[in-house]
Amino acid sequence: MHDLFAITALGGSSPQTDRVGNVTCTESPGVALASVAARSGQEPKARTALGALIGADAPSVGRFAGNPVMAFWTGPDQWMVAAPFDTHEELAHLANTQLGDTASVCEQTDAWVRFDLDGDDVLAVMELLCVLDCRKMQAGEAARTAIHHLGCFVICRSSGAFSLYGPRSSAGSLHHAIVAAMKSAL
Amino acid sequence: MIINHPLLGSRDSSEFVYLGDASLIDRPDWQAEHAAEAFYDYAYLRDNPAGEHRELWFHEGGDRSWLVVTRNTVTHEISKVELARDVARAQGRSK
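Those sequence lines, one after another, are chains A and B.
With our numbering, letter number 156 in the first sequence gets 156, and the count goes up by one each step, no holes.
With our numbering, letter number 35 in the second sequence gets 35, and the count goes up by one each step, no holes.
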C-alpha cells in the first residue's frame, strides 16, 4: 500500500484562507455530499423520507433545511444532501437506505468544492460574482447560478455569510474568481 | 432580457440556453408506418414566424429545467413561461 496524503481541492495539505478587507474566503473540505432525485410517481414519499433524513421538512423551491444533515433544493424534485464528513462519510449510503426506491441517490462528495464567504461586505463580492440578486436572498435560501462560467450553488446562511459549491475539478478557477472579486470590490 | 422562471421568478437570460421550436417535444413514433417522413418533418422543417413563437429554453446556469417560453420574435416580449415537463404531461406523456 502506498503512503497517500489527503489534499484539499486547491491542492494544499490544509484548507486555504484568503482575507481581503473584512471578507474571508475559506476553503471548506469537510463536507460529505449526495444528490437525491425523486423517481417519477414517488415524489411525495421521497419528500417524506428526505424529511426524516434531515430532521426537517424537505426544502421547497430555492431553500435549504436541516442540521447537521442538511439538504438544499437543486431542481424540481431534486436535492443535494450535505453533512459533516467526519461523522457522515457514508452519507450516500445513509440516504440510499433512508430513501429506498423512492429516489435515486448519487455520491457527490468529491465532485464539489465548497468556499465559505463571511464578512460584513460579502454582498459587494457576491454582486460581482454572479447575476443573482443576493441582496434579496434571506438566510435559508439556496440557488444555482453561473459563477465564472461554472455552474455553482449559492447558499445564503445570513446576509453576511454565503457558501458556494462549485465543481471540484475547477476549484482553482473558482477560487481565482472569488479572490479577484474580493480584491475588486473591497 | 429577463425570463420569468415559473419556479424561481425573474432570472437573467444569460443563465439560459436556447434550443429551438417547442414542437421538438413531440418526437415522432419511430415504429409508425410513415416514420421516415415524420422524422424528416421533425428534424428539418420549421416555421419561422415573425411574431409569437413557442420555443424551448434550458436553464443551464440554474436549476437545469427545460422551459417552454412563448416569445414574440419581433419585440422579444415574453408572454408565457411553462415547465416543459408540465407541457408534456398536459399532453398525456408520463415523463
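For the record, the hints were derived by calculation from the structure and aren't laboratory data.
Mixed in with the good hints there might be a few duds.
With a Cα cut of at most 20 Å, we get these calculated SDA-like pairs of lysine to any residue [stated by the list, open to error]: (1) Lys136/A x Leu7/B; (2) Lys136/A x Pro6/B; (3) Lys136/A x Gly9/B; (4) Lys136/A x Leu123/A; (5) Lys136/A x Ser13/B; (6) Lys136/A x Ala22/B; (7) Lys136/A x Asp41/B; (8) Lys136/A x Ala161/A; (9) Lys136/A x Asp116/A; (10) Lys136/A x Val68/B.
Results for each hint:
For a cut-off of 20 Å, the pair hint linking lysine 136/A to leucine 7/B stands: about 16 Å separates their Cα positions. Proximity of lysine 136/A to proline 6/B is assessed by CA-CA distance (about 18 Å); at most 20 Å being required, the pair is judged to hold. Restraint check: the Cα-Cα separation between lysine 136/A and glycine 9/B comes to about 12 Å, which is no more than 20 Å; the hinted pair holds. Between lysine 136/A and leucine 123/A the alpha-carbon distance is near 10 Å, which keeps this suggested pair within the 20 Å criterion.
With a C-alpha separation of about 19 Å, the suggested pairing of lysine 136/A with serine 13/B holds against the 20 Å cut-off. A C-alpha spacing of about 33 Å is found between lysine 136/A and alanine 22/B, which places the hinted pair above 20 Å, so the restraint is violated. With a CA separation close to 46 Å, the supplied pair lysine 136/A and aspartate 41/B exceeds the 20 Å bound. Distance restraint check for lysine 136/A and alanine 161/A: the Cα-Cα separation of roughly 14 Å lies within the 20 Å cut-off, and the hinted pair is therefore satisfied.
Under the criterion of a C-alpha separation no larger than 20 Å, the hint pairing lysine 136/A with aspartate 116/A is consistent with the structure, at around 19 Å. Proximity of lysine 136/A to valine 68/B is assessed by CA-CA distance (about 27 Å); at most 20 Å being required, the pair is judged violated.
Hint check: violations occur at hints 6, 7, 10; the rest are consistent with the structure.
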